[in-house]
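Engineer: Based on the provided sequences and hints, a complete structural model is requested.
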Amino acid sequence: MAMLEVRDLDVYYEKFQALSGVELDVQRGQIVSLLGANGAGKSTLLKTISGILKPASGSIYFDEKRIDNLQPHDIVNLGIGLVPEGRKIFSALTVRENLLIGSYTGRARRTRNKTLEDVFHLFPVLKHRSQQKGTDLSGGEQQMLSIGRALMSQPRFSIFDEISLGLSPVVVKELYRTIKRINQEGMTVVLVEQDVKRSLKVANFAYILQEGRITLKGNPRDFTEEAVKKAYFGV
Amino acid sequence: MLRFLEPIINGVLLGGLYAVIGIGLSMIFGIIRQVNLAHGELMILASYFSLLTLQLLGLHPLLTFLFVLPAMFIFGYLIQALLFNRVMGKGMEPFLMISFGLSIILQNALLLIFTPDARSLKNTLVIQSLNVYDLFHVPLIYIVNFAVSILVIGLLHQFMKRTYLGWAISASAEDLSAAKLMGINPKRVYALAMGIAAVTAAISGVLVGMTFTFYPHSGTQYLIIAFGVVIIGGLGSLPGTFLGGLILGISQLAGGHIIGPGFQLLSGYIILLVVLTIRPQGILGRG
Amino acid sequence: MSAKRIRFISILLALAVLSTIPLWDSPYVMTVWLLIFVYAALASMWNLLAGYSGMISLGQQVFIGLGGYTLAVLSVYYGLPIFLSVLLGGMISVIFAVLISLPIFRMKGVYFAIGTWIIAEALGICFSNWGYVRYGMGMFIQPAYKLSMSSVYYAAMIICIGSIALVYVLLRSKLGLALMAIRDDDIASETMGVNIFRCKFTCFLVGAFVTGIAAGILYLNTIFIQPFEAFGIGWSVKLLFIVIIGGIGTVEGPIVGAVIFVLLQQYLSEYVGYNLIILGIITIMVLFFAPKGIIGTIQNRFRVGLLSVRRQ
Numbered sequence: 001m002a003m004l005e006v007r008d009l010d011v012y013y014e015k016f017q018a019l020s021g022v023e024l025d026v027q028r029g030q031i032v033s034l035l036g037a038n039g040a041g042k043s044t045l046l047k048t049i050s051g052i053l054k055p056a057s058g059s060i061y062f063d064e065k066r067i068d069n070l071q072p073h074d075i076v077n078l079g080i081g082l083v084p085e086g087r088k089i090f091s092a093l094t095v096r097e098n099l100l101i102g103s104y105t106g107r108a109r110r111t112r113n114k115t116l117e118d119v120f121h122l123f124p125v126l127k128h129r130s131q132q133k134g135t136d137l138s139g140g141e142q143q144m145l146s147i148g149r150a151l152m153s154q155p156r157f158s159i160f161d162e163i164s165l166g167l168s169p170v171v172v173k174e175l176y177r178t179i180k181r182i183n184q185e186g187m188t189v190v191l192v193e194q195d196v197k198r199s200l201k202v203a204n205f206a207y208i209l210q211e212g213r214i215t216l217k218g219n220p221r222d223f224t225e226e227a228v229k230k231a232y233f234g235v
Numbered sequence: 001m002l003r004f005l006e007p008i009i010n011g012v013l014l015g016g017l018y019a020v021i022g023i024g025l026s027m028i029f030g031i032i033r034q035v036n037l038a039h040g041e042l043m044i045l046a047s048y049f050s051l052l053t054l055q056l057l058g059l060h061p062l063l064t065f066l067f068v069l070p071a072m073f074i075f076g077y078l079i080q081a082l083l084f085n086r087v088m089g090k091g092m093e094p095f096l097m098i099s100f101g102l103s104i105i106l107q108n109a110l111l112l113i114f115t116p117d118a119r120s121l122k123n124t125l126v127i128q129s130l131n132v133y134d135l136f137h138v139p140l141i142y143i144v145n146f147a148v149s150i151l152v153i154g155l156l157h158q159f160m161k162r163t164y165l166g167w168a169i170s171a172s173a174e175d176l177s178a179a180k181l182m183g184i185n186p187k188r189v190y191a192l193a194m195g196i197a198a199v200t201a202a203i204s205g206v207l208v209g210m211t212f213t214f215y216p217h218s219g220t221q222y223l224i225i226a227f228g229v230v231i232i233g234g235l236g237s238l239p240g241t242f243l244g245g246l247i248l249g250i251s252q253l254a255g256g257h258i259i260g261p262g263f264q265l266l267s268g269y270i271i272l273l274v275v276l277t278i279r280p281q282g283i284l285g286r287g
Numbered sequence: 001m002s003a004k005r006i007r008f009i010s011i012l013l014a015l016a017v018l019s020t021i022p023l024w025d026s027p028y029v030m031t032v033w034l035l036i037f038v039y040a041a042l043a044s045m046w047n048l049l050a051g052y053s054g055m056i057s058l059g060q061q062v063f064i065g066l067g068g069y070t071l072a073v074l075s076v077y078y079g080l081p082i083f084l085s086v087l088l089g090g091m092i093s094v095i096f097a098v099l100i101s102l103p104i105f106r107m108k109g110v111y112f113a114i115g116t117w118i119i120a121e122a123l124g125i126c127f128s129n130w131g132y133v134r135y136g137m138g139m140f141i142q143p144a145y146k147l148s149m150s151s152v153y154y155a156a157m158i159i160c161i162g163s164i165a166l167v168y169v170l171l172r173s174k175l176g177l178a179l180m181a182i183r184d185d186d187i188a189s190e191t192m193g194v195n196i197f198r199c200k201f202t203c204f205l206v207g208a209f210v211t212g213i214a215a216g217i218l219y220l221n222t223i224f225i226q227p228f229e230a231f232g233i234g235w236s237v238k239l240l241f242i243v244i245i246g247g248i249g250t251v252e253g254p255i256v257g258a259v260i261f262v263l264l265q266q267y268l269s270e271y272v273g274y275n276l277i278i279l280g281i282i283t284i285m286v287l288f289f290a291p292k293g294i295i296g297t298i299q300n301r302f303r304v305g306l307l308s309v310r311r312q
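Chains as they are written, first to last, in the numbering used here: chain A, 1 to 235; chain B, 1 to 287; chain C, 1 to 312.
To be clear, the hints were calculated from the coordinates, so they are not data collected in a lab.
Incorrect hints may have been included.
Unchecked claim - Here are the simulated PhoX-like pairs of lysine-lysine, each with C-alpha atoms no more than 25 Å apart in a straight line:
id : chain 1 : residue 1 : chain 2 : residue 2
1  : A       : Lys15     : C       : Lys4
2  : A       : Lys133    : A       : Lys114
3  : B       : Lys161    : A       : Lys133
4  : A       : Lys65     : A       : Lys15
5  : A       : Lys54     : A       : Lys15
6  : C       : Lys174    : B       : Lys90
Structural biologist: Structure follows, in structure tokens:
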């Protein structure tokens, strides 16, 4: 059984159908890439998995438990962590408080001090700036904060939504190195990216979305450039 | 000029009390962007509850806090959990109308139980006053009110800054989606926040009961004061709420001093209407 | 016979029957229907604002008080004919509405609601401190004693029919189209040339006018006016109840709501003090379980409407 199973998913955004018949599997320990042009439906899919949107039909299973009918906070408690698009750092809280609020739920709250140390180890710059206001950090640092915050809830399954947006290649390279490290330590990862090349390099498996449908899936090493272009744009 | 000293000083002290009246409304407005029209009734409910406790147990009004505050916390929690949580996310109208309905129910229930007679929580602080170099008089109760209000606002400020629940409330107010991703259950946070708001309303209700006479319908004027404090001082601003209370308190007492005691409320209302017209988000608030 | 014809004839029949009520020699029935007519008129105006123009007002009592006091002052102090005074009550209300529209229209949503409420409270304070209108003791509208009950009854009936007809005509006009466009998407409607302010302003003035007149007629019945009661929030409570139960955003809703309300008031008159509580509880229950009210729920289920303004 795959860790995450998405079956025949239809999702509507207002009156517009954003996803049609989406089927997707993520095996334990994989790094799965989700690609597609702007508006293809990637964010919608992620929001549906994390419970912020509800599907019109279809189902989502996590560790064989049905989750498409659950509230976001329950889904987080099951072990899914989402690093949202746009980082969404809380300006009302400091760096440290932003991290700590990531371990809001009971299970994670008990071990929060240890987890905090681990996150600081992973991203030392956060430790240096721990007393500063969350939104006073640079773009790359905020992205690290957002990732660290998601890790604070002790997820077994992490989703990264467009983390390279607006960041320099050097910073992105560092972030990806961190993601690979986390994966090697046992985290299952789903990456949503604009940066096709980089994401296909690091992934075990990839899905390409176009206008709400999966148009290509498989091991990225088997993808030809032509096939990818066609899956993206349909030409 | 000197004859203004007394109303201004008293206005400042009263303003502290007004700030506590408004802080609960401000907090809830900050989180869920809705005004609880029953806020005044929560205050007066606490005043009457204190009266009961006082009559049954013979305690000093300030000691009734021990019973009134926990009871009001539970009451606030329940009205959010059972009533308001059902219509969260359905727009402004349902919430407005339900809170309005609740305010009417509470007001008339109090009227039925306690009759329309004037009541007050008898204490000696109201009669004693401080005589400052014969320049002006300050009733002791005003000083107590001001001290309590500094305490309450200070505590609330610390609570919001240092506790998990406080962070959860700030986070939910800022970005609800992101807060949900932290594992925060919005309905539970709202209910807890309403409980806290009810406690602040209760504190101000007991103090008001000790300072002035109250009736079942007094809730209305205090709702407008609370709203005024929030609007003048600005949303989402703790120091702003305090400033709002001060401005309202001073303008009420100064206005009453100039025009006449019957017009105290009116001068407050006029200031409020002016601010609403020019700058609804308040003097210090963020739009 | 087409459905439209049937509807038209049944409405005429109902009106015909209602106009014979003064001949039934039952002052009680006349009073009940008089109240129903007036409340239906008041409620349909509140509904015009809240249900169609998106302005929830908690201050309609401003116009109720102004209408009532204009009637009182003009007929008692100046001896003006009584129905003229009622009409002028409507005019004074409109004038005041124009005066406050500049500040009040800058307020949106909950600010508007509370702003209108504050104005009403402020007027209550002013009037209760004003010697000319006998302070808080209130005024007796003596000239109304001479009126026969049936003339007040017919006046109430006229204002009710008039207000419902007015709402119906407004909603089927260009203004109505504009309001529906605003209701669906106000930003989009603005780009298509709909002047939101003018639409809402018109509705506000119409509401003030009719409310002022209906209030005058109401006070012809009660004969006594007092500032805190006239400008009190109780009016908004009753109007909210009527419109919510009847069906917000429908033309027939206020009528149904008024019938239920007046009958409920009569039934509960023995349990003084409980009636507003029960009103409040019923309102909240309806908001939870049937937010569209009676007419709205029927319209959804059976797709019928007596006075529906939907275009076929």
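Engineer: For every hint, state whether the structure bears it out.
Structural biologist: These are the hints, each one checked on the structure:
Taking the CA atoms of Lys15(A) and Lys4(C), the gap is about 34 Å. The hint is violated against a cut of 25 Å. A hinted pair counts as satisfied when its Cα atoms are at most 25 Å apart, and Lys133(A) with Lys114(A) qualifies at roughly 22 Å. Among the hinted pairs, Lys161(B) with Lys133(A) is consistent with the structure: their alpha-carbon atoms are about 12 Å apart, no more than 25 Å. Restraint check for Lys65(A) and Lys15(A): not satisfied, since their Cα atoms lie roughly 29 Å apart, outside the 25 Å limit.
For the hint linking Lys54(A) to Lys15(A), the alpha-carbon distance of about 14 Å falls within 25 Å, and the restraint holds. Between the alpha carbons of Lys174(C) and Lys90(B) the distance comes to roughly 29 Å, so the proposed pair goes past 25 Å and is violated.
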